[in-house]
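Participant: Residue strings, one per chain:
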Amino acid sequence: MNTNEHDDRLRSLFQELKSQDLQAAPTFDRLWNAPPRRAQVHFFTTGLRLAMAAAVLILAAAPLAVYQVKTRQAAAEARQWAALANWDAATDVLLTEASTPWEDRVGTSFSSGLDECWPVSITMPENERRAYEQESEAVVAEPCEA
Amino acid sequence: MVREAQRGDGVMDESRLRGQLEQHHAASYGWALSCCAHNPEEAADVLQSAYLKILQGRARFLAGGAHLPDAQGSGGNNQASFKTWLFAVIRRTAAEARRRHWLRRKLLERFAHEQEPAELPPGADQASERGELWKLLRAALERLPGRQREVLHLAFYQDLSLAEAAGVMGVTVGTARTHYERGKAGLRELFKQSGYFNEHQ
Chain V
619 MNTNEHDDRL
629 RSLFQELKSQ
639 DLQAAPTFDR
649 LWNAPPRRAQ
659 VHFFTTGLRL
669 AMAAAVLILA
679 AAPLAVYQVK
689 TRQAAAEARQ
699 WAALANWDAA
709 TDVLLTEAST
719 PWEDRVGTSF
729 SSGLDECWPV
739 SITMPENERR
749 AYEQESEAVV
759 AEPCEA
Chain Z
6 MVREAQRGDG
16 VMDESRLRGQ
26 LEQHHAASYG
36 WALSCCAHNP
46 EEAADVLQSA
56 YLKILQGRAR
66 FLAGGAHLPD
76 AQGSGGNNQA
86 SFKTWLFAVI
96 RRTAAEARRR
106 HWLRRKLLER
116 FAHEQEPAEL
126 PPGADQASER
136 GELWKLLRAA
146 LERLPGRQRE
156 VLHLAFYQDL
166 SLAEAAGVMG
176 VTVGTARTHY
186 ERGKAGLREL
196 FKQSGYFNEH
206 Q
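For the record, the sequence lines run as chains V and Z.
When we follow our numbering, the leftmost residue of the first sequence carries the number 619, and every step to the right adds one.
When we follow our numbering, the leftmost residue of the second sequence carries the number 6, and every step to the right adds one.
Hints listed in this document are in silico derivations from the structure and should not be mistaken for laboratory results.
Heads up, a few of these hints could be off.
Capping the alpha-carbon separation at 30 Å, the derived lysine-lysine pairs in DSBU-like fashion look like this [unchecked claim]: (1) V:K688 <-> Z:K140; (2) V:K636 <-> Z:K197; (3) Z:K189 <-> V:K636; (4) Z:K140 <-> Z:K189; (5) Z:K197 <-> Z:K140; (6) V:K636 <-> Z:K140.
To spell it out: a stretch of chain Z is covered by chain V in this simulated footprint if at least three of its residues, at any positions, have a beta carbon under 8 Å from a beta carbon of chain V; those stretches are [unchecked claim]: (7) 22 to 30; (8) 33 to 39; (9) 48 to 57; (10) 87 to 100; (11) 139 to 147; (12) 167 to 181.
We treat Cβ as the ideally placed atom computed from N, Cα and C, and that holds for glycine.
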């Protein structure tokens with residue numbers, strides 16, 4: 619089959635298809651006078667776009683809201699831990715006293731009414747202690763009348 | 006429909022425009038069918054949208070072909086130029102509709118099976134006896150690439166020249182010729198497979 623015959627056969631087939639198509643074709647007046655269906659399409663597409671925009675907003679806002687809530691919870695927890703770290707028990711002062719040497723806590727000689735005769739001080743200097751002992755030996759012979 | 010005539014320099018009034026559109030209505034419907042994969046409802050919608058677009062002045066026909074900078078070979082023939090322009094508007098409107106319905110189509114395809122190209126009806130001789138060779142052609146056209154299908158439709162169905170077809174498709178004449186030759190070869194091969202051309206040689 620040469621090219622022209624092929625083309626002619628194709629053309630006749632296309633004309634057959636054309637006559638079939640035109641049997642079901644709407645009239646010009648029907649399309650011209652019909653209300654546009656695009657409005658429905660626009661309504662559908664507008665609604666769809668709004669729904670998609672809302673979905674996108676929700677998807678974007680949800681992680682933000684979760685982040686906000688988690689941040690607040692973390693801050694509150696940190697405050698609690700900080701308060702716990704700064705807390706002092708009322709008996710802590712006892713621990714402080716126990717670690718102080720006894721001598722430091724009792725720094726003065728107690729007075730028993732015999733201060734002049736029996737001054738007791740373990741912190742008395744050596745020379746004074748000797749002088750005191752010498753005096754005491756002397757006093758032993760004549761005890762204090764007071 | 007909104008009844009707004011195109012006004013301004015070099016454009017038609019509404020009555021003339023309506024007359025022209027009515028004159029080309031049958032051919033326009035055939036072209037719209039081809040652009041909409043032979044879906045009659047979609048073709049009617051696309052055609053109505055194209056008419057509306059023209060009436061509202063969103064698509065303007067300027068005498069002399071200024072509206073179609075890439076239209077070639079109209080030779081100053083105003084009728085052919087108007088038809089070429091109208092077909093280009095319909096083609097673009099159909100492409101817009103395809104894009105708009107892309108999501109819906111994809112969703113439908115998910116529920117339906119994967120769309121396979123239509124099989125050629127077996128037994129071309131029986132189809133010929135029943136006078137249904139057009140079904141064979143339609144099935145074969147659906148298996149061709151879009152550009153090849155378009156140029157064959159414009160050349161054989163609409164009797165446009167290759168230059169006019171190129172103007173409608175927005176391509177150069179050389180490109181249109183390439184699609185035309187490849188499309189014819191593809192159709193010939195498909196018809197050979199169905200046994201149609203062998204029997205009629």
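Participant: Going through the numbered hints above, which ones does this structure break? Give me the numbers in ascending order.
Facilitator: 1, 10 and 12
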